[in-house]
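**Student:** Keeping their order, the protein sequence lines are chains A and B. My numbering numbers the first residue of the first sequence as 90 and each following residue consecutively. My numbering numbers the first residue of the second sequence as -12 and each following residue consecutively.
Among the hints, a few may not be true.
Cut-off 35 Å, straight-line C-alpha distance, at most; resulting in silico cross-link-like pairs (DSBU-like, lysine-lysine) [what the hints assert, rightly or not]:
| hint | chain 1 | residue 1 | chain 2 | residue 2 |
| --- | --- | --- | --- | --- |
| 1 | B | 58 | A | 375 |
| 2 | B | 26 | B | 187 |
| 3 | B | -3 | A | 401 |
| 4 | A | 306 | B | 68 |
| 5 | A | 326 | B | 133 |
| 6 | A | 487 | A | 408 |
None of these hints come from the bench; they were simulated from the model.
For reference, the chains in residue letters:
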Amino acid sequence: MRLLQVNLRGSLAFSLILVLVSIPVSLLSIRALLNEEVDESIAAQAEQFIYHVKGFEYLDDLETDLQVLDKLSSNIHIQPSDGPIRENYRTLYLYDSIDHEEKPFRRFEKSILIKGKAYKLVVRMSLVENNDLIMTIGLVQLAVSFLLAAGLLLLNRSLSRRLWKPFYKTLDHLKAYELDKNQSMSKEKSKITEFNDLNTAVIHLVDRNREIYLQQKEFIENASHELQTPIAIFQSKLDSLMQSPTLTQSEADTIMELELTTQRMARLNKNLLLLSKIDNDQFMDKEDIDISALINGQRDFLVDMAEPGGLKIESYLEKLTIHVNRALIEVLLSNLFNNAIRHSTKEGVITIVISNRTVSISNPGQGRAVDMNRMTQRFSKDSRDSSSTGLGLAIVKKICDSAHFNLAYEFRNSIHTFSITF
Amino acid sequence: MKILLVEDEKQLVKDVTSALRQEGYVCEVAFSAAEASDKIASFEYDCILLDLNLPDGNGLSILESVKAQGKSDGVIILTAKNSPDDKVRGLNLGADDYLAKPFYMPELLARVSAIIRRKRFDGNKEITFNELAIDLPGKSATVHGKILDLTPREFSLLIFLVANKNRVVSKHAIAEHLSGDDADLLDRFDFIYSHIKNLKRKITEAGGRDYFKSVYGLGYKFSA
């Protein structure tokens, strides 16, 4: 859930609860207030009536007058009563013959003594107007509440959207950021201090990481470069030793082993340099290259490597021309070929196929599939073969990634197949 | 045949000069860019071996001044900084060849001999060694005038060994020479043995002598 929604949801829920609780509460309290008012009013009327009736007690036919009054008045009734009754207020519904409906009334009952005779005095008052008032107040309140909630909702939403914009922009930048490609992150200006702080912190972090990354990259490159000269000296010393006229067999064996080691060192170094050069995009010049011709050109060397061991090489090449850096595609193909030769079982057939813009290289191998992710990492290698630098497939992967080729691996019927789709 | 080696690494200088002298070249050394400029201005060289990273300047500026003076000295760039930019710039500035460190001595000697042949013997691009004659542009070899039926790889191997005559050339150096620059080499040398065997057979069958000597399984020596 997005922060914006959580925020809105919270305030919306609070508003709704408030509205739902406050409307009935306020309506009930208004009604109670009004009833109190009405009760006071009818009690006062009753007091006034009693006061006036007491004033007419000297009249002989007061009893008849009261009967007449009872008939004429709609709101005050006075009738002789059998016994005393308690003073009480009640709300009741009476039938209105004009409107043909029940209407609410408030009624007050009390016993009074007139000329020693007990009477029941009833005073009542219509509540219709009060109820209408309450209803109107309720409706207005409801309408105002809903308008307020809706307004708040919309306002909050647009405001939040505007407020959080710099945050989401920063987030988008971060998501799109690639340490090895982008320079730095652009600074998003915001009026909000927190977002500015966040941006500054993020940019600082990114710049710092990038700096370290560049330093490390430079270090690898420099280290590889600096190693070249000592290796060259080593190699030239071995060559001098080899020229000695008094060389013995055991000395020759040692020199041979040393040369093998030196060569591995040189190759390792060269491959590391190559990887860092690909990282640095130093292979920019592209040209149209006929892949089938390139493979045919490397064939001689392949045959040299494969045939003495009993391996055969078969190729089925369609013509395929792609726009690519020559050095990179040469390294890519020769690494795949070497990989195939190195890991083939003896006396098998290595097959090279070009079709549908895909180059596939298959070799018969040991009985299980290799883990591509592991094999394309630097220095992960098959322990059986000490001559491998463990960088061949890492370089293949790197070149494919940098040139946007698709590298696929398949293992079927004891045959490993690497395919590259251009 | 005079060669100038411009290189500040003393150990490397020692081995390269001794290998070059062994092959009969006159070899002088400059340890800095300033020294190199002085020598190039005063003498003519057939070939200059130029290291790009010198303590007092970039070797490319020496190359520029060689070409600006209109000298015909052949230049081979030797560098530890094997970047494509440097290679392209060096070759564009008129360097004849480019060799990245670390290199095999036989490879250097083969490149030097190729440059010198190109500079010295204009028109006459044939190498002769006793009864053996190698026609470089025609990519063919003859023994007593009889043409040998060589594959391109056998031919390339023959030139390489002849350029390193009387020296032991290791199997690694041969393998790297035949496989080219970018091949991630496999430690398989059987193919060299079969190429040498075929070459030897073809030359002796045509009446030539066996010049190929195997040295303790380490490599081969082409000598009379």
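**Student:** Compare the structure with each hint and give your call.
**Tutor:** Checked hints:
no., hint, in the structure
1, 58/B to 375/A, "holds (33 Å)"
2, 26/B to 187/B, "violated (43 Å)"
3, -3/B to 401/A, "violated (47 Å)"
4, 306/A to 68/B, "holds (15 Å)"
5, 326/A to 133/B, "violated (40 Å)"
6, 487/A to 408/A, "holds (25 Å)"
When the structure is compared with the earlier hints, violations turn up for hints 2, 3 and 5 and for no others.
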